[in-house]
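The listed protein sequences derive, respectively, from chains D and U.
Heads up, this note's numbering is the position in the first sequence plus 177, with the first residue counted as 1.
Heads up, this note's numbering is the position in the second sequence plus 177, with the first residue counted as 1.
No lab work stands behind these hints: they were computed from the structure.
Every residue, glycine too, gets a C-beta built ideally from N, C-alpha and C.
Take these hints with a grain of salt, some might be off.
One side of the interface only, derived from the structure: several residues of chain U facing chain D at Cβ under 10 Å [said to hold, decoys possible]:
#1 S303
#2 C319
#3 G390
#4 G414
#5 K422
#6 T426
#7 L437
#8 L441
#9 D447
In the DSBU-like style, the derived pairs of lysine-lysine whose C-alpha atoms are separated by at most 30 Å in a straight line are [claimed, not checked]:
#10 K341/D / K367/D
#11 K367/U / K247/D
#12 K340/D / K421/U
#13 K475/D / K422/U
#14 K475/D / K421/U
#15 K407/U / K375/D
Protein chains: 2
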Amino acid sequence: MGGDFAPASEVAGMIECLRQCDNRFHVVLVGDETKINNELSKHNAAGLDFSIVHAPDIIDMHDSPVIAIKTKPNSSLVKGMNIHKDGSADAFVSAGNTGAVTAASTLILGRIPGVSRPTVAAIFPSESGPTLIVDAGAVSDCRPQFLFEFGVMGSIYSEYMLKKNYPRVGLLNIGEEESKGNELAKETFKYISERKGKFNFIGNIEGRDILKGNVDVVVCDGFVGNVILKFAESIPGYLKYQFKKFANTGIIPKLMIGLLRGSLKEIFRDMDYTEFGGIPLLGVNGVTIIGHGSSPPKAIRNMLFRAEETVQFKINQHIQEKLQEQQ
Amino acid sequence: MGGDFAPASEVAGMIECLRQCDNRFHVVLVGDETKINNELSKHNAAGLDFSIVHAPDIIDMHDSPVIAIKTKPNSSLVKGMNIHKDGSADAFVSAGNTGAVTAASTLILGRIPGVSRPTVAAIFPSESGPTLIVDAGAVSDCRPQFLFEFGVMGSIYSEYMLKKNYPRVGLLNIGEEESKGNELAKETFKYISERKGKFNFIGNIEGRDILKGNVDVVVCDGFVGNVILKFAESIPGYLKYQFKKFANTGIIPKLMIGLLRGSLKEIFRDMDYTEFGGIPLLGVNGVTIIGHGSSPPKAIRNMLFRAEETVQFKINQHIQEKLQEQQ
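The following block holds chain D by itself, in its conformation from the complex (with noise of 0.2 Å):
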């Protein structure tokens, strides 16, 4: 319920996804019956396999996460959360406060044994393809094992739900060198390079190895990472106001931007966070997907098949492994 456009996008995204997958699995929608059941009522959703469980209260994109969570025990990410936690859901997926969600994962779920701090992964495009960035905005203040940590969940996600063959895990620094960067950076660079083997570490990158696709994981701390994502996602909004300050100089451009319009859309599309739906909250004891607050039915839908393989491919049993394997 705490999404820009919650019940409407969320159920319409449920209904295409479970359409789509012909009920491969269930669904679970938590939220305001009365509200959801209006929603509803707009789509034919006969024959699809899903469930309400009534939540009448919403934890908005204002609410101090922790504060919100132990007072509105009745809201739908605390009323969601409880039943991933007690085992009656595999997955739990929210468009709502990222900060609420993150902490609301913690809080309930706990974290993966040998995990320091719940990372949020960001998915960036990039010329080999999609790179992930960890942290990208639940940590602001890192120390080197958290960045550490990052890097070891970060792989194993880029290789099982990304499909990266030994994904290369880059520290996102100012400059290539050992010796550059901020205190963070330096120690964080010793740290890693202490811990071989557990990712393939390929050392220090820059900002624009990002979308060059130099590298499959960036490891920074959530101030760095948040910053550069929500910069990214403004990234299409530009493009459009250039275009459309190109279209109105004059009637041939107006024209080439009309014809072209159909192609830009497909060639910004590996900006489009909707395709690829929800990005992973990682190191919680258990699946949550987070979506943009203003998600599309189309997102929900992605987010809901990322849940499902998230849950497939183990990942939390790889990253728990992998934390408590030997050097």
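Go by the hints and put chain U onto chain D.
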């Protein structure tokens, strides 16, 4: 001599500049005399107002800045900076190693009274015109006071050089609320809020506000600023890759992209750093303009014009006055 194409770009850019402005100022070329003369022989430089100071050594991209400055007194960087320091030149322009130029400027020219750390300011395009990012890489680990001073310097530069009226200065963060962000951001928000009146502080801004143009001066530490600068510089290359990929899907796409080639260049011109030329190092007791290592002649030409403007608009005097004025 430190630029990737030195001294070819430097000589060609200077010639273009002096022709265009009709010898409005004098340029001193500092570098290897033989190489410079060799480049000059490729052009018609008759009647142009310039001179050459021989400096055979080169500080390249791999040199450690501080050590190189001390061990290479005959480098173009150290010799050129000393010519500026002793008053024989009003400004210094270089496409060399940014770290070395920053270090040489700080060590040789010294700082403006009231400035703790000089800052490199980067210029981003946006829907509301050029946006300044301070710091873009000079200071990786910052204190709130540094960021506050970056705001003062950036605000003045934005007002005089980028013609922004009462520039909006925002603190780059991962949420709008005062409580958001890492420790540095939270402390800086407080620090700036207690010093209202030095500039038009609009509070926290996020990564998405930069290209949108919701802010004129973005204050952040040099680590975040440099990552985002290099990321942004890689966008045109990524788009080119996407357009090429699209063009290769068939005859019609190829024709369409071919037809649009010139227009695309026009559309992405705002994202082309050579248009503005170089970026200033603010806070040193002099005028230093730093260019991209791979600056073409056009960028060199524009850097010279930026240097002239920075002198004319008395940017340093304004910074000193603002930092020393009573609250």
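These are the hints, each one checked on the structure:
| no. | hint | in the structure |
| --- | --- | --- |
| 1 | S303 | holds (8 Å) |
| 2 | C319 | holds (9 Å) |
| 3 | G390 | holds (9 Å) |
| 4 | G414 | holds (7 Å) |
| 5 | K422 | holds (8 Å) |
| 6 | T426 | holds (9 Å) |
| 7 | L437 | holds (6 Å) |
| 8 | L441 | holds (9 Å) |
| 9 | D447 | holds (7 Å) |
| 10 | K341/D / K367/D | holds (25 Å) |
| 11 | K367/U / K247/D | holds (28 Å) |
| 12 | K340/D / K421/U | holds (25 Å) |
| 13 | K475/D / K422/U | holds (25 Å) |
| 14 | K475/D / K421/U | holds (27 Å) |
| 15 | K407/U / K375/D | holds (28 Å) |
Going down the numbered hints, you'll see the structure goes against none, and every one checks out.
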